[in-house]
Structure formats: structure tokens, C-alpha cells
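First to last, the protein sequences are chains R and E. Here the first sequence stands for residues 1 to 344, numbered as in our numbering. Here the second sequence stands for residues 1 to 389, numbered as in our numbering.
It is possible that part of the hints are untrue.
Partial selection, computed: residues in chain E whose CB lies under 8 Å from chain R [as the list claims (entries may be wrong)]:
id : residue
1  : M1
2  : L35
3  : S39
4  : P52
5  : P124
6  : A128
7  : K130
8  : P186
9  : L188
10 : A286
11 : I377
12 : G380
Hints are computed from structural coordinates only; laboratory data are not their basis. Every residue, glycine too, gets a C-beta built ideally from N, C-alpha and C.
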Amino acid sequence: MSELTDILQDSVNKVLHEKLTWDSLKSIEENAWSEDLWSELKDLGLPTLFLTEEQGGMNASWQDAYVVLRACGRFAVPIPIPEAIIANWYAREANIQLPDNCWALVDEKSIDVSAKDVSFNDVGVPWGRLANYLLIIGDNNLRVAEVKNKSVKKQENIGRDPRDLITGEAKILEEASIDLCSNSLLYLGALQRSAQIAGAASMAFDLAVKYSGEREQFGRSLSKFQAIQHYLSDLAGLVASVDAISLAACNTLDSQGLRKNSHNSLKAIAAAKCQSSDSVEKISRLAHQVHGAIGFTYEYGLHYVTRRLWAWRSEFGSSNYWGEFLGDLALDAGENGVWPLITK
Amino acid sequence: MITSITDQIRFQTADLPPKAESIRTEVRDFLELELSKISPVKRSHSWEAYDPDFSAKLGEKGFIGMTLPTKYGGHGKTFLERYVVVEECLVAGAPTAFHWVADRQSGQLLVKYGTEEQKKEIIPKITAGKACFAIGMSEPNSGSDLASLRCKAEKTSNGWLINGTKIWTSNAHRADYMIALFRTDPDLNKKHGGLSQFLIDLKAANGITPRPIKNLAGGENFNEVSFVDVEIPEESLIGPEGNGWKQCTEELALERSGPERYLSCFYLLRKLIANLKKDCDPSVKARLGKQIASAITLRNMSLSIAAQLEDGQSPTLPASIVKDLGCQFEQELPGLAQELCELEPTMEGIGNEYQQVLGNLIQVAPSFSLRGGTPEIMRGIIAKGIGIR
Ligand SMILES: Cc1cc2nc3c(=O)[nH]c(=O)nc-3n(C[C@H](O)[C@H](O)[C@H](O)COP(=O)(O)OP(=O)(O)OC[C@H]3O[C@@H](n4cnc5c(N)ncnc54)[C@H](O)[C@@H]3O)c2cc1C
Chain R
1 MSELTDILQD
11 SVNKVLHEKL
21 TWDSLKSIEE
31 NAWSEDLWSE
41 LKDLGLPTLF
51 LTEEQGGMNA
61 SWQDAYVVLR
71 ACGRFAVPIP
81 IPEAIIANWY
91 AREANIQLPD
101 NCWALVDEKS
111 IDVSAKDVSF
121 NDVGVPWGRL
131 ANYLLIIGDN
141 NLRVAEVKNK
151 SVKKQENIGR
161 DPRDLITGEA
171 KILEEASIDL
181 CSNSLLYLGA
191 LQRSAQIAGA
201 ASMAFDLAVK
211 YSGEREQFGR
221 SLSKFQAIQH
231 YLSDLAGLVA
241 SVDAISLAAC
251 NTLDSQGLRK
261 NSHNSLKAIA
271 AAKCQSSDSV
281 EKISRLAHQV
291 HGAIGFTYEY
301 GLHYVTRRLW
311 AWRSEFGSSN
321 YWGEFLGDLA
331 LDAGENGVWP
341 LITK
Chain E
1 MITSITDQIR
11 FQTADLPPKA
21 ESIRTEVRDF
31 LELELSKISP
41 VKRSHSWEAY
51 DPDFSAKLGE
61 KGFIGMTLPT
71 KYGGHGKTFL
81 ERYVVVEECL
91 VAGAPTAFHW
101 VADRQSGQLL
111 VKYGTEEQKK
121 EIIPKITAGK
131 ACFAIGMSEP
141 NSGSDLASLR
151 CKAEKTSNGW
161 LINGTKIWTS
171 NAHRADYMIA
181 LFRTDPDLNK
191 KHGGLSQFLI
201 DLKAANGITP
211 RPIKNLAGGE
221 NFNEVSFVDV
231 EIPEESLIGP
241 EGNGWKQCTE
251 ELALERSGPE
261 RYLSCFYLLR
271 KLIANLKKDC
281 DPSVKARLGK
291 QIASAITLRN
301 MSLSIAAQLE
311 DGQSPTLPAS
321 IVKDLGCQFE
331 QELPGLAQEL
341 CELEPTMEGI
351 GNEYQQVLGN
361 LIQVAPSFSL
371 RGGTPEIMRG
381 IIAKGIGIR
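All chains should be modelled from the sequences, with the hints used to inform the complete structure.
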């Protein structure tokens, strides 16, 4: 752990804890945006943490970014800070400066880039309604485009985070080449979601432990019942394992990059998303079970994290999707290659 | 909540230092040569398969007692170097039961609490792979509630007199030594405080009768061991009188933190992969891949614990968590194999290698969640660790 990791861990958790109370989450959910939160987190330098110092950032590693992404999950950050963090990682890779508020990431394959002005039709973009720029990710290049006109089909995932479909045209402002694996956006999205799942899961667990100590039935607190203790111990293991594998994937990415031959990074990300998506079912089920009916209410805020856990579980590849990916690797490796596959 | 309970159970990613990693090839080459003649069933369940010849060869290579001090014939290596040897042995399906307990816990216990003479006499045998140890903890009426045990040791003019019965004692019928927990203070109110640990030379003592108990798979590994007026010398007491529970807990920590808690039937996963077609159904691949993801996750967590141990920390809570998760992982493997592959499990000598391995492991898998403490007990420990018990 670097010094930066520690600083980020403390400062980010503190700010998010203050800002994202259940009341504020409720109000942001009603308005689908908080300019106030966005500018505060921007002032902290979170979206640009990956940028080099010359570019005005912190030159963060993935391990550093992990604590922020996880905190975003833990406090159910309802604005595209994680997306902006990843956009700026691309900017560092391509050595370009992005316009302010350029965080909407789209895959080149979903855009018609044949002309100078690109057009897009029903492209899924988180918070697309607010996107003034697009960062278009290709296999070998990166394009920054300014949205000229757009129509928006507003929709949300079950976490109530905007997952809009946008149609319109944009003008290319800049184009740069990048040397990354194909489908890099899928891998980074999967890693981002794994980190967010780790964070949200930790909150679900903490809430369950706290509640079990406060609520009494049969004359004692729920936490004194062995069945409840076992649920919570089970939860502790699942939450710790999601955290461990997501952090490990960040480490691998730091040491091996995301180039065409970075096989270990791809495998580590696949394992992280497979494991985290798979664990969500039990984590959310147990956290809710410990809470009884109160956890099923809108007023009690467990749902801010569990609804997101359910949504993130499916985004950027389900556990089956990444399981198949890993299954193929294992079958290719064969009986003598599978252990090296696990240890590398 | 700003801080999370999970801050106490964070598994920092650890990498093996080059010094440890560099042993791997040597271990693999040695195992490849030695294991080719060993039957699939024996290889299927690595740390329960008994083979004195293999253990002696492994000892000759310097792969047993690696962390024990050189002063007593140990190799003075790091925990991480030992970690590599242990995981390679498990994955290869090496029969390690003869030296397993000695290498993992008894040697370390003796170094910490044994007399100078015991160390000089026994540690060299351990590192040579020529000393088999048994663990005498469980009794007929004391399983999970170990501290209720009744087997007693009474002080005599020149030693101790032992009476009582131990049960489920693995290898007691063929081991050289047993490290046993006996009650030295008959006052049952002093439940934990009345217990002490003893080193027993099984080849020298009279009045000890081990009776092998056949397990459901037909194997005879564990025993009922009766002690009738067994006289053992004064210096058999290990550590201070009344300190047995604490020492046992330290031993159990070693028992619960190693890679064997998720790798004890990894050999089956390898054989399963050899028996699935590369173009098998996507749902089969996905299920296999999930198991790979879990294995990668557990390897990361297990290695993180090894690094913490090397660092001088005592990660009790993380170790309990990995044991619990690891045990679920490996107990699930035989059933999973049966779901994914149509080949039936078979008895030894019938069917292909995979089928024999599977046939044995399906039968022994129920024991995975018993030895070294059950999940129910582990979860109680975790509950304590997270502050709710
Ligand atoms: C293959 C094998 C090898 C072994 N080798 C050795 C050895 O070498 N030396 C040795 O000393 N022992 C050995 N054991 C014994 C092992 O440590 C015990 O089986 C284990 O501690 C459980 O004790 P028990 O079998 O008496 O079950 P019990 O304690 O009777 O438990 C039965 C069931 O009840 C549950 N239970 C018990 N108490 C509680 C509680 N408080 N709350 C909730 N659930 C509870 C248990 O989890 C379990 O599911 C071995 C066991 C096996 C299977």
C-alpha cells in the first residue's frame, strides 16, 4: 500500500460518509443528479486521480484507484465518478488532456465513425442525459467527441442509476492512438464493477452486523443467536473474498498493464468479476435476512447498496459470462496447465 | 459508517519473493519423477495418503522441516519457501500423510516448548522425513467441545501416569510419536486451565493400544487409542503444566492456515479437466470457470495469510475465514465433477484415472469439514473475531 492509498482511503471515505446519508441518497435519486456532490468530488481530484502530475492528477496506480472505486460502491455514489476515473486512465494512456466533464465512455463498435462527425443510435451510456462529450474507445485508438445534438431515452437500472440510451451526432475533437487489448472497455468496466461490488458488500455486511446488535427478540439481541452469527460469519467470508480478488486484479493490472499480451490481467479481471457477481446473490440475501422486514422498507437504506449489487452483478458480464471465459482458459491449459493458470 | 469491520479482514495482495518462487521448478521436477509410480487413488487425497518411502525421499531433498532452526537439523528457511513446497505437493497429489503433522505443527511446537534433549533427538528425524506424528486431542465424549476432555495424566514420583481413551487419532497405529492433550488437574471447573500437553514415544511406552477404525471408504487411518496405566517420563510434559490449551490453540492455528484447506483434492480438478472436451457445453465451461475463479481467489487469500505469518503477525480471524471458504470449495469439488462429467465414479483399479480419483474422493469428502474443527465451530470463531460473540 502506498501513502497515496492511505490518504485516499481516509479522505474519500470521510467525505462520502458525510455527503451520502440516506436522506441525501433519497433526494439525489429523485433528481437523478447532484451538482453539489459532483463538484465537491471533482475538487478532491477524484475523477482525475490517474492523470500524471504534469496533467494535473495524482499519477495513481490501480491499487490507489481501487480504494476510491470501492468507496464509491460502499456509499452508493449515484454519479459517474468511477466512469470519470476510467476515462482519465485512458487519457493518461493516450497522453491527451480531456475536456472538462468528459466521462461518457462508449465502445467504437456501437458508433458509426465513418465520417468526421460521428453518429450514434440508441447507444447505452450511464448518465447519458448529461453527457456533453463522448470518449470513444477503439482497439487501437481513442476519440474525444463533442456531442452536437442528441435525443435521450431516459432509463435507469434497478439501482436507480441512469442507464440512458442516446441518439444523435458528435464532432471529433481529438484522436489518439492507444496500445491496449481489444475490448478494453469491457475489462475495465468489469473491474470497476467488482470494486464497487466489494464496497457495497462491505456496507451491507456492516449494516447487518450493526442491526443485529441493536435489535432484540426473545430478550436478547439478534447477534446472540447462533443462526444469525453463522449468517454474519458467512457474510464476512464472502465480503472478504470479493475484496481480496478485486484488489488482486488491480495489483496485476499495475504490474502487467492491459496490452494485447497482458493475459494475466485479463484472467485476473475475469476471476474478480466472476467471483464478485457470483457472491452478490448470497451477500444480499443474507444481509436482508438478518434485517427482517425493516430491511425491505425504502426508509431503511440497506437497499441503496443491495439494489446496486443486483444491478452491477449483471453489468459488464455475469458470473456465467466470465466463468465461461475462465473455463475456456482452464480447458486450454489442460490438467498440467491449470495450476500455473491459478498461480500466475 | 466510515470504518468497516471488514478493515480487520482485508487480505493485502502478496507476491512470493523470488527466493521462494525459485524452489518451485525443483519441487515439480522431483515430484514428477517420484509420483509416476503412485496409484491414482493414493494421489487423489494428498495429505491423507501414507507413504514412508516418499516422505524419506522428500526429506532427503530438504523439503521437510524447512522452517525449523538449522541448529537442530532444520533448514532455517522462510514460511513462504515452505508454502511453495506444500502447495506443489498437494497439487501434484503427493502422499504426504507420514510427515504431514510433524512438518506442519509438531516440529514447531517442540522447537518452542520442547526440552533441549527432545529437540536434539527428534527435530533431525522430522526433517529427514523419518518421524510420523499423531495428534491426540479428540475423545469419545469430547469432539467440538474439546476442553471437556477427560483422559488424565497424574504426577508420580518419577513421571506421569496416563489413563483414558482418545479417538479419531490419525495414524496412531503406525506413528512414532503422539502429542496429546491430557487433564492434569481433575477439578473440572478449571476446564481449560487443567489441561497439559505431552510428547509420547509410541514405540517405547507400554499400555497404549491403538485400534484402527475402518472409515466408510474402507481405509484404516484413524484409531481409537486406549491408555491403561501408561507410565511416561517426567520430561514428557511439553511446556508448563496447565498451558496445554494455549499450546493446542497455537497448533490449531497452524493447522487452519495452510494451503491444504483448499487444495487437498485439487488433483481431482486436474483430472476432471483432462476428461472434459474442449468444445463442451458453455454451461459446463461456466461452472468449471467459477470454480477456477474461486481457486484464484483462495490462492490469493491463502498466500496473503502466509505473508502475514512470515511477517510475524498472527492472523487468526483471516485464517479461520480461509479455512471455512476453502473447506466449502474442496468439499464441493467431487459433487461438481459428477455434475459436469458423465463418467461414473469407480472403485480402485476399475475405470480411468479420473473415475478412480473421483470414486475415492466422493466417499472421503464428508471428512473435509470435520478434521481440524467443523465449519460450525469455525463460524463461532469468526463471529467472535467480528465482535458479535
Ligand atoms: C478423517 C478424520 C481425521 C481426524 N483426525 C484426528 C486426529 O488425528 N486427532 C484428533 O484429535 N482428532 C481427529 N479427528 C477428529 C475431529 O477433530 C473431530 O471429528 C471434530 O473435532 C468434530 O468432533 P466430533 O466428530 O465429535 O463431532 P461433534 O462435536 O459431536 O459434532 C457433530 C456436529 O455438531 C456440530 N456442533 C457441535 N458443537 C456445536 C456447537 N456448539 N454449535 C453448533 N454446532 C455444533 C458440529 O459442527 C458437527 O456438525 C479427525 C476426524 C476425521 C473425520
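The hints, checked one at a time:
no.	hint	in the structure
1	M1	5 Å, holds
2	L35	13 Å, violated
3	S39	17 Å, violated
4	P52	26 Å, violated
5	P124	32 Å, violated
6	A128	28 Å, violated
7	K130	29 Å, violated
8	P186	31 Å, violated
9	L188	24 Å, violated
10	A286	4 Å, holds
11	I377	11 Å, violated
12	G380	7 Å, holds
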